[in-house]
Amino acid sequence: MRRRPASFLASAGLVVLLLASATLAVTFGPADISAGDAWMTVLHHLRLADTAPLSPLRDAIVWELRLPRILAAAGVGAGLALAGTVMQVLTRNPLADPYLLGLSSGAALGAVGFLLAGMALLMPLGAFLGSLAALVLALAIARLLGGATPTRAILAGISIAALASAATSLLIFWSATGDSYREILSWLMGSLSGTTWGDTGLVALALVVCAPVILLSGRGLDAFAFGDAAAASLGIDIVRLRWTLLTATALLTGVMVAIGGAIGFVGLVVPHAVRLAVGSRHRVLLPASMLVGAVFMLWTDTAARSLFDPRELPVGIVTALVGAPAFLLILLRYRRIT
Amino acid sequence: MSGLVLRDVEVRAGGRAIVADASLAAPKGRVTGLLGPNGAGKSTLLAATLGLRRRAQGSVHFDGLDLAAMPAAERARLAAYVEQSAATSERLTVRDVVALGRIPYQSVWQSGPGAGDEAIVASALAALGVTGFGDRLYQTLSGGEQQRVQIARALAQEPTLLLLDEPTSHLDIEAQLTTLDLLRERAQAGCTIILAMHDLNLAARHCDHLAVMKDGRVVAEGAPAAVLSAPLLLDVYGVHATIVQLPGHGAPLVVYDRARGSGAGPDSG
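Chains Y and R supply the protein sequences, listed in that same order.
In case it helps, this note's numbering puts the first sequence at residues 1 to 338.
In case it helps, this note's numbering puts the second sequence at residues 1 to 269.
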């Protein structure tokens, strides 16, 4: 139809942009590596090319350091942007982000708890469990208040988040030492340094499981534009759709927080920026948001690791530095239109 | 019996029945007006008819089919609903909003409205005279324009049962008349229409059948000339009124005199 080729082209263009960005990002860093050598290295490791183009050291820099981190960054960005888009529709709250229901505070508590208990390697697991616990608690409280409506879920989420943050601060205050303090701080700000293929695989797994569920709900999310009753009158099983999407979003966000820490602004700003460009038809918005989130995160993380080389910034600082002004610009745009 | 039949419908909220023992029969292919003062339960009854509000009791049948037992998607292809007011914070053009009416016909795998959908959307836009602002953002429209867009969305659902909650409350008088004429055409094409409304004279003139609600109950039902009477208006609305019959004007005309309990009317001084 009229707009379908355009939206298909936009998605195809974004995929090309993502591949080009990933290729270019591999060449960024102290060791000088060309894009061609990077691709040949990938092909070699996939056993599609016989000879390794780089020395073992440089090969390791591409294959063990840069590539998993770049792919994880793209995956985390895609996941957070997707989760943010869904939360904004489900809660009918334009300020919603993936952490709205206390997920990031719960994750922080879990991660810090595991770290201080001497299980630093299991920090991602702690973060995941913490975020899920926060979500389940928030929804249980909302139900207790008489049904998990968006407003009740948000209010419950706020109280859970405040409680979890206080508990985290207490833990840090009580038992953190210099080293663990530094590690906690970097995690709380969001960081992808030291990402391994295992982390990348986990991010990919979360996307493979959750993204299709969300992407196929575009029709149902469209129906939510005018609220629950309107969606139900259009034949949408609103209770089932809401719980399915909340579960998928929580799993996705839980894994992203576990791998990257509480990276702010991606899930808030990217959906708004994309909505401004393509509108709210979710069958276009969801894939576009996901791809733009991936490209955005890929570049902010590349900036975080190479801007002040050899020192590395937590990527959350970069996303906030870019995201906050972008969000203000979007607000100004919206004010002029509505 | 064909048409929409409600039997003893009860809806509860906050521990009390806001609709109780409501029964009515809206004839097939006719326009039925649902009347009653604010808070009488009109909106609740309409929402409960489509299962958008949970019924504590009662049954709802359309052409013998139990609407409550029907899968939601199937019901959405049969019956459309226009809310009293509909706001969104989403960035949707008028055309996008009308295209929402095609959702019940689309599969999960479909990437957007198909060619057939676009044609139906276009004709719904044209029917309501809103083709001209198809590409404008919904939020930038006036209240009356938004109402017409919502009616167009409902028509795009190709319903055989159409429920509207005060669909003309924000419209200017010309748009009210053209909209009511349009609904009449749809009824003649076989669609059963129920609309909640406040203007008794428009209801008398444009509806085939009236049902009057008071305190959650349907207290009168029948042809406009039979239903609209001075005692009923005093009982239900609390106004003294005179019903007159103008020559050449088919429907009864309600002339309001004064509210019950208020002072003298204009012609008694």
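Be a bit skeptical, because a hint or two may be false.
A few chain R residues facing chain Y, derived, Cβ under 8 angstroms [unchecked claim]:
| # | residue |
| --- | --- |
| 1 | 54 |
| 2 | 55 |
| 3 | 59 |
| 4 | 61 |
| 5 | 63 |
| 6 | 67 |
| 7 | 72 |
| 8 | 73 |
| 9 | 81 |
| 10 | 84 |
| 11 | 86 |
| 12 | 93 |
| 13 | 108 |
| 14 | 112 |
| 15 | 232 |
| 16 | 236 |
If you want a taste of the chain R side facing chain Y, the calculated C-beta under 10 angstroms gives, among others [claimed, not checked]:
| # | residue |
| --- | --- |
| 17 | 25 |
| 18 | 53 |
| 19 | 154 |
| 20 | 158 |
| 21 | 253 |
For the record, the hints were derived by calculation from the structure and aren't laboratory data.
We put the CB at the ideal spot given by N, CA and C, even for glycine.
Status of the hints after comparison with the structure:
1. At its closest, the beta carbon of residue 54 of chain R sits 11 angstroms from a beta carbon of chain Y; the interface hint therefore is violated under the 8 angstroms criterion.
2. Proximity of residue 55 of chain R to chain Y is violated relative to the hint, the smallest CB-CB distance being about 14 angstroms (cut-off 8 angstroms).
3. For residue 59 of chain R, the interface hint is violated, since its Cβ never comes within 8 angstroms of a Cβ in chain Y; the closest pair sits about 19 angstroms apart.
4. With a least beta-carbon distance of about 18 angstroms to chain Y, the hint placing residue 61 of chain R at the interface is violated under the 8 angstroms criterion.
5. With a least beta-carbon distance of about 18 angstroms to chain Y, the hint placing residue 63 of chain R at the interface is violated under the 8 angstroms criterion.
6. Hint status for residue 67 of chain R relative to chain Y: violated, with the closest Cβ pair at about 12 angstroms, above 8 angstroms.
7. This hint holds: residue 72 of chain R has a C-beta 5 angstroms from the nearest C-beta of chain Y, less than the 8 angstroms allowed.
8. Contact between residue 73 of chain R and chain Y, as hinted, is supported at the beta carbon level, the nearest pair being about 4 angstroms apart and thus within 8 angstroms.
9. Given the 8 angstroms rule on beta carbons, the hint for residue 81 of chain R holds: about 4 angstroms separates it from the nearest Cβ of chain Y.
10. A distance limit of 8 angstroms between C-beta atoms decides the matter here; for residue 84 of chain R the minimum to chain Y is near 11 angstroms, and the interface restraint is violated.
11. Because the beta carbon of residue 86 of chain R sits about 4 angstroms from the nearest beta carbon in chain Y, less than 8 angstroms, this interface hint is met.
12. A cut of 8 angstroms between beta carbons decides the hint on residue 93 of chain R: the least distance to chain Y is about 7 angstroms, and the hint holds.
13. Because the smallest distance between the Cβ of residue 108 of chain R and any Cβ of chain Y comes to about 5 angstroms, under 8 angstroms, the interface hint for this residue holds.
14. For residue 112 of chain R, the interface hint holds, the least distance from its beta-carbon to any beta-carbon of chain Y being 5 angstroms, beneath 8 angstroms.
15. Interface hint at residue 232 of chain R: violated, since its Cβ lies 31 angstroms from the closest Cβ of chain Y, which is beyond the 8 angstroms cut-off.
16. The beta carbon of residue 236 of chain R comes no nearer than 27 angstroms to any beta carbon in chain Y, farther than 8 angstroms, and the hint placing it at the interface is violated.
17. Of the supplied interface hints, the one on residue 25 of chain R is violated, with its beta-carbon coming no nearer than about 22 angstroms to a beta-carbon of chain Y, more than 10 angstroms.
18. Evaluation of the residue 53 of chain R hint against chain Y yields a held restraint, the C-beta minimum of about 8 angstroms falling below 10 angstroms.
19. The criterion of a C-beta within 10 angstroms of any C-beta in chain Y is met by residue 154 of chain R, whose closest approach is roughly 9 angstroms, and the hint holds.
20. At about 13 angstroms, the closest approach between the beta carbon of residue 158 of chain R and any beta carbon in chain Y exceeds 10 angstroms, and the interface hint on this residue is violated.
21. Taken as an interface hint, residue 253 of chain R does not check out: its beta carbon lies about 35 angstroms from the nearest beta carbon of chain Y, beyond 10 angstroms.
In summary, the structure is inconsistent with hints 1, 2, 3, 4, 5, 6, 10, 15, 16, 17, 20 and 21 from the numbered list given earlier, while agreeing with the others.
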